[in-house]
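Go ahead and model the full structure; you've got the sequences and the hints to work with.
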Amino acid sequence: MGISKTDIRDAFFDEIYEIGKADKNMLFLTDDMDAFGLKKFVRDFPDQFINIGVAEQNQINVATGLTLCGKKVFVFGICSFMTMRCFEQIKFNICGMNLPVVVVGIGAGFSFDSDGPALHGTQDIAIMRSLPEITIYNPSDAVSASAVARMAYEKNSPSYIRLDKGVYPVIYENSFELQSGFKIIRPVQRISIVSTGYMTSVAMVLAEGLAGRGINVGLLDLMRLKPVDPLFYETIRNTELLITIEENSLVGGLGSIVGELLSDNDSDIKLKRIGSQDKQFVVYGTRNWLHSLNNLTLPDLEETVLSWLRKTHEI
Amino acid sequence: MDSKELIKKAAWVRMEVLESTVSGGKGHIGGTYSCTDILVALYYGKILRFKLDNPGWEDRDRFILSKGHASLALFAIFKDMGIISPGLYETYGKNGGLGGQVDISLPGIETNTGSLGHSIGIAAGMALAAKMDSRDYYAYTMIGDAELFEGSVWEALMFGSQHKLNNLVVIIDRNRLSVMETIDDDNSVFMNFGRKLELFGWNYLELDGHNMDEILAVLGMVKLSDKPSIVMANTVKGKGVSFMENKANWHHGVPTKEQVEIARKELSSQWV
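Line order of the protein sequences matches chains E and R. Per my numbering, the very first residue in the first sequence carries number -13; after that it's consecutive. Per my numbering, the very first residue in the second sequence carries number 216; after that it's consecutive.
Just so you know, these hints were derived from the structure itself, not from any lab. As the structure is a prediction and not an experimental result, all values here were calculated from the model. Glycine residues also receive a C-beta, built at the ideal position from the N, C-alpha and C atoms. It is possible that some hints are incorrect.
[What the hints assert, rightly or not] The calculated lysine-lysine pairs, modelled on BS3-like cross-linking and capped at a C-alpha distance of 30 Å, are:
(1) E:Lys58 / R:Lys438
(2) E:Lys77 / R:Lys309
(3) E:Lys10 / R:Lys261
(4) E:Lys25 / R:Lys411
(5) R:Lys379 / R:Lys261
(6) E:Lys26 / R:Lys379
(7) E:Lys297 / E:Lys151
(8) E:Lys10 / R:Lys442
(9) E:Lys25 / R:Lys379
(10) R:Lys346 / E:Lys7
(11) E:Lys77 / R:Lys346
(12) R:Lys379 / E:Lys77
(13) E:Lys58 / R:Lys442
(14) E:Lys141 / R:Lys346
(15) E:Lys10 / R:Lys379
(16) E:Lys10 / R:Lys438
(17) R:Lys438 / R:Lys294
(18) E:Lys58 / R:Lys379
(19) R:Lys241 / E:Lys77
(20) E:Lys58 / R:Lys241
[Claimed, not checked] Taking beta-carbon pairs under 10 Å as the criterion, some of the chain R residues facing chain E (in silico):
(21) Val237
(22) Gly239
(23) Leu267
(24) Pro270
(25) Arg277
(26) Ser330
(27) His333
(28) Leu343
(29) Met347
(30) Asp348
(31) Asp351
(32) Glu362
(33) Met373
(34) Phe374
(35) Gln377
So this is what it looks like as structure tokens:
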């Protein structure tokens, strides 16, 4: 697997451009959040673009009205605002009427690192997955970021797409992986790791390092967080020790998703959840520094995994 | 229907609301009676454009009763027009039946209601869609006056004028009573309200919400505007039943047997 040349955002917006070019009924709304990849869309399809202004509640309400009158609407903004500022509008209008609106939130996890806690997206998964009707995509590479734009566009129900920024290793390679919403990056072992989004690129290095120590671990990326494909559980059911790694708060994120899955299936698999603390980080610094506060840097992760394996008498 | 017939129809709707409240054991009579005359004018007075045999007609005017807790009046009108069946109408207050708000499972309903402050933005989206598709339908919404405290109302008001949505009409049921308080014109929301809205870029109109001729005349005027219109309908909470008028405690409640008798007598005298 090589590193993609394309920024995850550009991959997404290139696909948005193609969708808008082919479907004049498709509209792209933003709460004054810009993106490099969006500029071409705004230039070429001004009639399909609305900058609502910094008014997320109204953005969702206007999207509701447009959708009820037959438009296919994408709404875009920073993920913490797009999910929390207008959660009730999303819950009641978009999901309550099962409207095919696509909510796109940029700034997953700590990607807006030094911009402070208002912009950190570490709780959005927890609240958004409480909505029964929604599909949640957390793409981890350029291919999946591009693909989810179209998958959400073609859906006849609400979607939420979390976008990170930057270039990442190529993870998704074929349409089956995209449809099932997860990818086996390293074959499943007795000890396996499940990660999502940005942390998958970190987990890939972690797994490589553990292998160097003679500890072979499986690695899966869970890209579609809701609904989780039934095949996902079938894939992990024969592991014995499972580790989830995410940047989200441990309350309600990937660890919760996997934990609930194990519980609902009466599984004996032992689970170790690694993620951000249940705490707001009212501090400013780089993503790596914020990770260090949460024991999420590569050495931290390695130490946490090894110590858990020692505790469970695996090593 | 002329205004005399509309007045009779409104009295009939109020009677239906009373009976439903009694039989269902619950209802928001006060805020329903304040907007009953306007609802009757909208549906029977040819203000709203719709086809009874085709509720999903693409060129129909959209109407959102944001104060969906006045649903009982709408149910009575829908039953009378044949939009909903008498059988469905009778389910009010029963488990799984018609309830205290409206939703899109019902014909003639454009959006789910129950959460305040959403409808102007939604109606603005509908009005914008009409402009984009070169259709000539209007998007109307009626909100309660206390709903103006929602910040999202003001977000939507700014959006409506910014996008010159002259096919967007907001009617305010100004009954001056919220659940807990009297909201007079010295409240900061209502202070210089007309001027404030005009400065916001809206066509501001006022009417007496219980004067049928005035309702028809003023609501007809919105089509002359090149701006979105906001109509302050001055109303009385509990209008039509003397002991309910201007009483905050009739926001929600069921009258006693004696009160029902008095109310029936008063309402029936209004449609002969």
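Going down the list of hints, with the structure as the test:
no., hint, result
1, E:Lys58 / R:Lys438, "holds (29 Å)"
2, E:Lys77 / R:Lys309, "holds (25 Å)"
3, E:Lys10 / R:Lys261, "violated (34 Å)"
4, E:Lys25 / R:Lys411, "violated (36 Å)"
5, R:Lys379 / R:Lys261, "holds (24 Å)"
6, E:Lys26 / R:Lys379, "holds (26 Å)"
7, E:Lys297 / E:Lys151, "violated (36 Å)"
8, E:Lys10 / R:Lys442, "holds (27 Å)"
9, E:Lys25 / R:Lys379, "holds (25 Å)"
10, R:Lys346 / E:Lys7, "holds (20 Å)"
11, E:Lys77 / R:Lys346, "holds (27 Å)"
12, R:Lys379 / E:Lys77, "holds (29 Å)"
13, E:Lys58 / R:Lys442, "holds (26 Å)"
14, E:Lys141 / R:Lys346, "holds (26 Å)"
15, E:Lys10 / R:Lys379, "holds (22 Å)"
16, E:Lys10 / R:Lys438, "holds (29 Å)"
17, R:Lys438 / R:Lys294, "holds (29 Å)"
18, E:Lys58 / R:Lys379, "holds (22 Å)"
19, R:Lys241 / E:Lys77, "holds (26 Å)"
20, E:Lys58 / R:Lys241, "violated (39 Å)"
21, Val237, "violated (30 Å)"
22, Gly239, "violated (23 Å)"
23, Leu267, "violated (20 Å)"
24, Pro270, "violated (13 Å)"
25, Arg277, "holds (8 Å)"
26, Ser330, "holds (5 Å)"
27, His333, "holds (5 Å)"
28, Leu343, "holds (6 Å)"
29, Met347, "holds (7 Å)"
30, Asp348, "holds (8 Å)"
31, Asp351, "violated (13 Å)"
32, Glu362, "violated (13 Å)"
33, Met373, "holds (8 Å)"
34, Phe374, "holds (6 Å)"
35, Gln377, "holds (8 Å)"
Consistency note: the structure conflicts with the earlier hints numbered 3, 4, 7, 20, 21, 22, 23, 24, 31, 32.
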